[in-house]
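> With the sequences and hints as input, model every part of the structure.
In the order they appear, the protein sequences are chains P and U.
Numbers given in our numbering equal positions in the first sequence, counted from 1, plus 40.
Numbers given in our numbering equal positions in the second sequence, counted from 1, plus 21.
You can trust all of the hints, since none of them are fake.
Below, simulated DSSO-like cross-link-like pairs (lysine-lysine); rule was C-alpha separation at most 30 Å, straight line:
#1 Lys393(U) <-> Lys325(U)
#2 Lys64(U) <-> Lys416(P)
#3 Lys333(P) <-> Lys416(P)
#4 Lys325(U) <-> Lys91(P)
#5 Lys519(P) <-> Lys131(U)
#6 Lys527(P) <-> Lys515(P)
#7 Lys64(U) <-> Lys515(P)
#8 Lys519(P) <-> Lys64(U)
#9 Lys527(P) <-> Lys415(U)
#10 Lys393(U) <-> Lys91(P)
#11 Lys415(U) <-> Lys64(U)
#12 Lys145(U) <-> Lys114(P)
#13 Lys131(U) <-> Lys515(P)
#14 Lys415(U) <-> Lys364(U)
#15 Lys64(U) <-> Lys364(U)
#16 Lys91(P) <-> Lys324(U)
#17 Lys283(P) <-> Lys271(P)
Rather than coming from a laboratory, the hints here were simulated on the basis of the structure.
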Amino acid sequence: MRLTVWTYEGPPHVGAMRIATAMEGVHYVLHAPQGDTYADLLFTMIERRAKRPPVTYTTFQARDLGSDTAALFKTAVEDAYARFQPTAMIVGASCTGELIQDDPGGLARALNLPIPVIPLDLPSYQRKENWGASETFYQLVRTLAGSSAPSGSKPPRRPEGLPARCNILGPSALGFRHRDDVEEITRLLGRLGIVVNVVAPLGATAADLARLSEADFNVVLYPEIAATTAKWLERTFGQPATKTIPIGVGATRDFISEVAALAGVDPAPLLAGDETRLPWYSRSVDSTYLTGKRVFIFGDATHAIAAARIAAQELGFEVVGLGTYAREFAREVREAAKLYDIEALITDDYLEVEARVAELRPELVLGTQMERHIAKRLGIGCAVISAPVHVQDFPARYSPQMGFEGANVIFDSWVHPLMMGLEEHLLAMFRDDPEFHDGATPSHLGTTTELEQVPAPATVQTEKAAVLWSSEAEKEVGKIPFFVRGKARRNTERFAADTGVALITVETLYDAKAHFGR
Amino acid sequence: MSDTLTMQKPDAISGCGDLPVLRERGQREVFCGLTGIVWLHRKIQDAFFLIVGSRTCAHLMQSAAGVMIFAEPRFATAIIEERDLAGLADAHDELDRIVAQLLDRRPDIKLLFLVGSCPSEVIKLDLSRAASRLSRTYSPSVRILNYSGSGIETTFTQGEDACLAALVPSLPASPQGCPASLLVVGALPEVVEDQFSRIFDDLGIDVRFFPPRHAAELPPVGPNTRMLLAQPFLAETARLIEDRGATLLVAPFPFGVDGTTAWLQVAATAFGVDPLAFRRATEPGRERARRALQRYRCQLWGKKIFFFPDSQLEIPLARFLSRELSMELVEVGTPYLHRQHLKAELALLPAGTLISEGQDVDRQLDRCRAAKPDIVVCGLGLANPLEAEGMTTKWSIELVFSPIHGYDQAGDLAELFVRPLSRRARLVA
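Here it is in structure tokens:
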């Protein structure tokens with residue numbers, strides 16, 4: 041057993057849901073109790089998807105355990121097929137379903153549905169979300185792409201004169217900026233004259249997966265999800281895969297060179313262009329103040345490693361901490377950490393990460409939503425660079441991390457939490473003035489102390505209006521959440537003044553509440 | 022109404038008084054009882070909830086708690102791993118180790134709940150044995166109890182029932198022959214509890230609340246205890262308190278003006294409070310609540326509402342919305358229907374109201390789409406998809422997390438239903 045307060049990754053079946061939800065026409069029947077349906081809200085609330093995830097849960101109960109949970113599973117598969125008419129189905133069990141050993145794969149096979157039904161074996165007590173997503177994608181591709189060409193045979197090389205074709209692999213539901221990364225990279229590839237054959241799993245159908253072998257090579261954007269699949273495609277169809285993750289200016293340029301070589305095109309015209317503002321913004325004098333800012337980086341391996349490179353080489357920060365919660369990629373992150381003479385932090389224990397941040401006292405934290413909370417508590421600026429995500433990581437605007445526009449977005453979002461150059465300078469000059477002191481945060485950032493002070497004008501009003509508060513009423517108003525307390529206080533005083541009440545009692549407080557409504 | 026009924030097999034319908042009850046046993050789209058920890062750990066301020074479960078349980082807790090990431094919350098999960106499953110013998114040693122680690126880190130904890138989950142139930146990990154063993158080790162500084170919040174046994178708010186039921190044996194016995202006292206059962210926000218306290222003081226009724234704010238403040242219980250439920254989902258807790266000799270006062274639940282008055286009236290009658298004194302004590306609150314509701318009446322009047330099953334609050338809320346705000350009830354779904362505790366509520370529903378118990382979510386969605394209600398009360402997994410289909414929704418979880426009981430929250434409760442409607446009106450106007 042392991043004591044866990046917060047987790048970076050969900051269970052592996054949530055990874056499978058991320059693949060099913062990303063695709064079109066794929067349905068997932070999950071042998072699971074009712075509580076597991078919470079996972080739907082990850083997609084409908086956090087990602088704001090307008091459709092329910094394509095998942096049917098059997099929601100077996102204790103009373104079913106003594107009878108026939110296997111029959112329940114078969115009925116769920118039949119009903120889901122009849123209702124949703126998917127073109128492919130994945131079946132499996134959640135952690136509890138795994139324990140009752142009903143063999144979802146065998147049960148589904150016995151139904152002889154006229155569509156591919158892919159059984160998933162996701163060991164819930166050993167593995168986690170990203171592994172589950174990777175395994176699900178791999179099983180889907182193996183089944184659906186494998187049938188399109190006999191294993192081991194290579195597709196015919198593309199005739200001379202036709203543009204090179206590639207697949208983009210890895211983007212999924214609930215991914216950090218996947219939606220916009222795909223758009224940015226597709227555009228970049230287009231400018232190199234490379235045609236995108238299939239993007240998967242995001243937006244792909246079962247038929248699309250069957251066409252994967254038609255591409256010349258694969259672009260792997262998120263190795264956590266697509267590395268296993270890409271390796272299999274390489275073995276089976278001889279499709280090479282990209283290794284560079286195009287996050288940051290340097291990495292994007294490397295990526296352009298890599299895909300150009302794979303596609304046999306000339307990268308020079310694209311590389312010669314002045315495509316991103318990051319290098320100039322970073323050189324402009326205001327950015328002098330970014331020099332040597334101590335930064336702590338934590339996230340999935342792909343984003344953490346990329347962030348460290350940008351921080352050190354493109355923004356002139358000092359990387360004081362680098363780590364990941366993804367043990368599968370510990371080796372890569374340890375290698376990267378050596379570049380900055382630091383020891384990588386490989387852990388999925390949130391409290392350990394918090395302790396390390398507190399100990400290192402960085403000036404900026406680049407992390408996940410978890411590190412955002414750590415940084416907030418410790419009063420350190422923070423930008424989110426990786427999943428786990430929250431609703432604000434799905435911005436309405438176009439906001440990729442990859443490619444040249446991604447570099448622009450990164451410059452803005454990482455520098456924003458820091459003190460602006462001139463402002464820091466002025467603060468240093470006027471350090472001893474009452475308005476400026478060491479505890480002051482940048483003026484463009486709200487602080488909790490300011491929020492707490494909101495009711496202050498009311499006190500002044502109280503003195504003017506000479507309305508008194510009884511101690512009970514004072515206590516009662518203290519129970520109101522601080523962010524509406526000021527308004528409640530002002531409304532009550534206005535009500536008391538209007539109705540000629542001299543002493544505000546608990547009754548007055550609620551009379552006023554009834555009078556003004558919310 | 023007849024359309025929705027004919028879609029179901031007739032044998033699935035049975036009566037409850039003159040109310041048709043549709044029983045469904047398909048896919049449920051409801052939280053499990055673990056979710057109750059989100060509000061219970063804030064209510065009992067020195068209690069810690071240790072879930073013995075899987076990564077899924079831990080993930081559920083942080084997803085359900087949403088953005089509320091506290092520095093170090095008073096709940097955590099002991100995640101069962103492969104090696105625990107291999108040999109059950111050491112699962113208890115593992116649990117001992119984790120509890121030691123936890124209590125060492127959190128010396129402020131006075132009450133520790135070991136909370137069972139689906140996996141711990143299925144592998145039959147005996148948490149009651151673990152709790153009594155650990156209690157011997159840590160007594161008297163920490164009391165260790167256990168209950169199950171598993172989704173195979175509990176639905177959402179039933180987790181609170183299971184938790185409180187586990188606490189009942191620890192309640193001290195009230196002294197023989199002491200005067201009758203009132204016990205209000207069910208977790209209430211402090212501000213609401215204080216409001217009710219003041220009213221009961223005015224009525225001259227000696228009142229205690231359960232659960233208490235601190236583990237050491239457990240209310241006594243005995244034959245002189247009159248029990249009033251503040252929440253409609255406390256079947257097991259009420260049964261155990263009755264077994265301790267208490268008398269259950271069956272009343273409508275304190276939502277809205279009439280519900281609150283009826284709830285208080287049942288207590289007042291049981292304690293022989295003079296009717297004039299009752300009127301004096303409740304009139305100001307009633308009057309305020311009436312005024313507060315007046316504001317929202319025309320906005321909700323005649324609007325059709327559809328409840329998906331979630332918290333078991335559905336029937337009392339439907340009663341409030343239909344009787345006090347003239348809303349039209351299309352379907353009132355509840356995960357579980359406790360006929361005795363809800364007797365007074367059911368009697369107040371309009372004749373012919375369709376109640377559904379249990380769930381088959383896809384069929385219920387079909388009924389909902391066909392009925393085209395003006396507002397749908399549903400869980401977080403369904404809300405955005407229904408909004409995208411053009412329906413107006415209210416997240417049911419907000420009804421559990423917000424103070425909605427009593428006179429001074431009646432307006433707030435109505436406003437929770439008004440807001441989505443007025444928002445939609447603004448956005449399309």
